[in-house]
Amino acid sequence: MDTFEVLKKIIADKFEKPIDIITLNSTLETLEIDSLDTFDIIFEAEEKFGINVPNEEVAITTVGDVVALIDRIRAKNK
Amino acid sequence: MSSRRVVVTGIGLVSPLGHTPEDFFANLMAAKSGVRHLEADFVSELGCKVAAWIDDFDPLKYFSKSQAATMDRATQFAVVASSHAIENAGLELSVESGERIGVYVGTGMGGAQSIEDSYARLFREQANRLKPYTVLMGMNNAASAQVALDFGLMGSNITFCAACASSAVSIGEAVRQIRHGYADVMLAGGTESLLTYGTIKAWEALRTLANEDVGLAGASCKPFSLNRTGLVLGEGAAMFVLEEMDRAIARGAYIYGEIIGYGSSNDSSHITQPSIEGQARAMRKALEDAKVSPNMISYINAHGTGTKLNDAVETAAIKQIFGIDTPSVSSTKSMHGHLMGAAAAVEFAACLMAIKKQALPPTAHLLERDPELDLDYIPNAGRENVDVDVVMSNSFAFGGTSGVLIVRKFSY
Chain A
1 MDTFEVLKKI IADKFEKPID IITLNSTLET LEIDSLDTFD IIFEAEEKFG
51 INVPNEEVAI TTVGDVVALI DRIRAKNK
Chain B
79 MSSRRVVVTG IGLVSPLGHT PEDFFANLMA AKSGVRHLEA DFVSELGCKV
129 AAWIDDFDPL KYFSKSQAAT MDRATQFAVV ASSHAIENAG LELSVESGER
179 IGVYVGTGMG GAQSIEDSYA RLFREQANRL KPYTVLMGMN NAASAQVALD
229 FGLMGSNITF CAACASSAVS IGEAVRQIRH GYADVMLAGG TESLLTYGTI
279 KAWEALRTLA NEDVGLAGAS CKPFSLNRTG LVLGEGAAMF VLEEMDRAIA
329 RGAYIYGEII GYGSSNDSSH ITQPSIEGQA RAMRKALEDA KVSPNMISYI
379 NAHGTGTKLN DAVETAAIKQ IFGIDTPSVS STKSMHGHLM GAAAAVEFAA
429 CLMAIKKQAL PPTAHLLERD PELDLDYIPN AGRENVDVDV VMSNSFAFGG
479 TSGVLIVRKF SY
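Taken in sequence, the protein lines are chains A and B. Quick note on numbering: the first sequence equals residues 1 to 78 in this note's numbering. Quick note on numbering: the second sequence equals residues 79 to 490 in this note's numbering.
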């Protein structure tokens, strides 16, 4: 499963956004996603990928940042 | 300085008997029941399978999918009822006015549904993690907080938790906010959505729920009748725009009534059993606050749960206060069920509409009155063309807390 593809789907579905507008460079702010919503997205991604994202200080501004965070955990779990 | 007067200029409802004050009151007058078979996957496991539940509330009509997913049903009810109330009052909101507007919401169990969903996930599905919004959806002040957020209301914001009297207390305390000058407008009322497997089971265990009427499920709650067997749970919300009188007059608002009295007390006698003295105390305090004598009360909307004990105790307490000259009394719970934290608010809507329409809603399903209970309970049929001037609304809670409100037809 491609992380970005899965995340795009989660975001589009949860926030009723057209899937095409979501790119790696989209900032969460422009998508009107706040920090709580970000936890919610990560929670769903955790469920989908069967991973556990620890509480770390990671700067998340864009969709790409979330993808990178999740990819890092997925790679570790391999 | 004379006390500031408080009037009601807006009513907002999400109820088992309609979502506008007009529909709601018309249904009450027609003795229509909102009680019916509950539809849920756990119904077969329940002893009491009826409730006054809402089947025509679509959250996506009011909220985006992501907003709806982060609010408990009780919060959704409160926000929608608030929106209806603001619209009904023709209240224009601004950053400036928002500073002087507070929100008081009564609720018995707050985000009961969200809490139960999370426990089901943990204990039944053996998941080891909960959704990030769990705390925010389950917390008791979620509804009052969300109302403030959605409408930009920056005044005092408190959630009142006094079981079945929660929203009598929230409305009464909101009146004081305006009277005492802390606010010019208050959004006050109550919300409840507790028709979950766990909550219904807990109520069953208390042996207070009614047996389903064999012939007519809608008639299961029978206040004051000989064959009453208990209360029927309901869900919904009612919110009101309370406003300082001069402000309401200045903007030409329609005034449903003036809240002239509020009494709150505790029985301090038993956690569930009501006391005649306690209920009488709350009514007396409300009358004193209103500065009206008992004979000026035209109608009492009773707590009237339909339990053996409540209806007998309340009747005795009313007689203690009013003597032989008691006003007409009805329990609209026979139709909209017991909405717990929202009960007093929904019943207060009935009182305001009784004043507006000069009509009294009945106690439904009162075919054979308990011979021990001898007041005029307005059996089965509403009364039109009645002089309705001053109305009392009673709410008596588990825990012993009472909240009594008195509202008068407005005259300057």
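Hint data in this document are derived by calculation from the structure and do not stem from the laboratory. There's no promise every hint is true.
With a cut-off of at most 27 Å between alpha-carbon atoms, the simulated DSSO-like pairs for lysine-lysine come out as follows [as the list claims (entries may be wrong)]: (1) A:48 <-> B:209; (2) B:127 <-> B:110; (3) A:48 <-> A:9; (4) A:9 <-> B:139; (5) B:143 <-> A:17; (6) A:48 <-> A:78; (7) A:17 <-> B:434; (8) B:434 <-> B:386; (9) A:14 <-> B:139; (10) B:209 <-> A:76; (11) B:363 <-> B:110; (12) B:127 <-> B:369; (13) B:369 <-> B:279; (14) B:434 <-> A:78; (15) B:487 <-> B:363; (16) B:369 <-> A:48; (17) A:76 <-> A:17; (18) A:48 <-> A:76; (19) B:143 <-> B:110; (20) B:209 <-> B:127; (21) B:386 <-> B:487; (22) A:17 <-> B:127; (23) B:435 <-> B:386; (24) B:209 <-> A:9; (25) B:386 <-> B:369; (26) A:14 <-> B:209; (27) B:434 <-> A:9; (28) B:127 <-> A:14.
Stretches of chain B that chain A covers, calculated by requiring three or more beta carbons in the stretch to come under 8 Å of a beta carbon on chain A [stated by the list, open to error]: (29) 107-114; (30) 161-167.
Beta carbons are placed, not taken as given, at the ideal position from N, Cα and C, and that holds for glycine.
Here's how the hints hold up against the structure:
{"no.": "1", "hint": "A:48 <-> B:209", "in the structure": "holds, 14 Å"}
{"no.": "2", "hint": "B:127 <-> B:110", "in the structure": "holds, 19 Å"}
{"no.": "3", "hint": "A:48 <-> A:9", "in the structure": "holds, 11 Å"}
{"no.": "4", "hint": "A:9 <-> B:139", "in the structure": "holds, 23 Å"}
{"no.": "5", "hint": "B:143 <-> A:17", "in the structure": "holds, 11 Å"}
{"no.": "6", "hint": "A:48 <-> A:78", "in the structure": "holds, 15 Å"}
{"no.": "7", "hint": "A:17 <-> B:434", "in the structure": "violated, 46 Å"}
{"no.": "8", "hint": "B:434 <-> B:386", "in the structure": "violated, 32 Å"}
{"no.": "9", "hint": "A:14 <-> B:139", "in the structure": "holds, 16 Å"}
{"no.": "10", "hint": "B:209 <-> A:76", "in the structure": "holds, 24 Å"}
{"no.": "11", "hint": "B:363 <-> B:110", "in the structure": "violated, 33 Å"}
{"no.": "12", "hint": "B:127 <-> B:369", "in the structure": "violated, 44 Å"}
{"no.": "13", "hint": "B:369 <-> B:279", "in the structure": "violated, 43 Å"}
{"no.": "14", "hint": "B:434 <-> A:78", "in the structure": "violated, 70 Å"}
{"no.": "15", "hint": "B:487 <-> B:363", "in the structure": "holds, 20 Å"}
{"no.": "16", "hint": "B:369 <-> A:48", "in the structure": "violated, 64 Å"}
{"no.": "17", "hint": "A:76 <-> A:17", "in the structure": "violated, 31 Å"}
{"no.": "18", "hint": "A:48 <-> A:76", "in the structure": "holds, 16 Å"}
{"no.": "19", "hint": "B:143 <-> B:110", "in the structure": "violated, 33 Å"}
{"no.": "20", "hint": "B:209 <-> B:127", "in the structure": "violated, 30 Å"}
{"no.": "21", "hint": "B:386 <-> B:487", "in the structure": "violated, 33 Å"}
{"no.": "22", "hint": "A:17 <-> B:127", "in the structure": "violated, 40 Å"}
{"no.": "23", "hint": "B:435 <-> B:386", "in the structure": "violated, 32 Å"}
{"no.": "24", "hint": "B:209 <-> A:9", "in the structure": "holds, 18 Å"}
{"no.": "25", "hint": "B:386 <-> B:369", "in the structure": "violated, 32 Å"}
{"no.": "26", "hint": "A:14 <-> B:209", "in the structure": "holds, 14 Å"}
{"no.": "27", "hint": "B:434 <-> A:9", "in the structure": "violated, 52 Å"}
{"no.": "28", "hint": "B:127 <-> A:14", "in the structure": "violated, 34 Å"}
{"no.": "29", "hint": "107-114", "in the structure": "violated (count 0)"}
{"no.": "30", "hint": "161-167", "in the structure": "violated (count 0)"}
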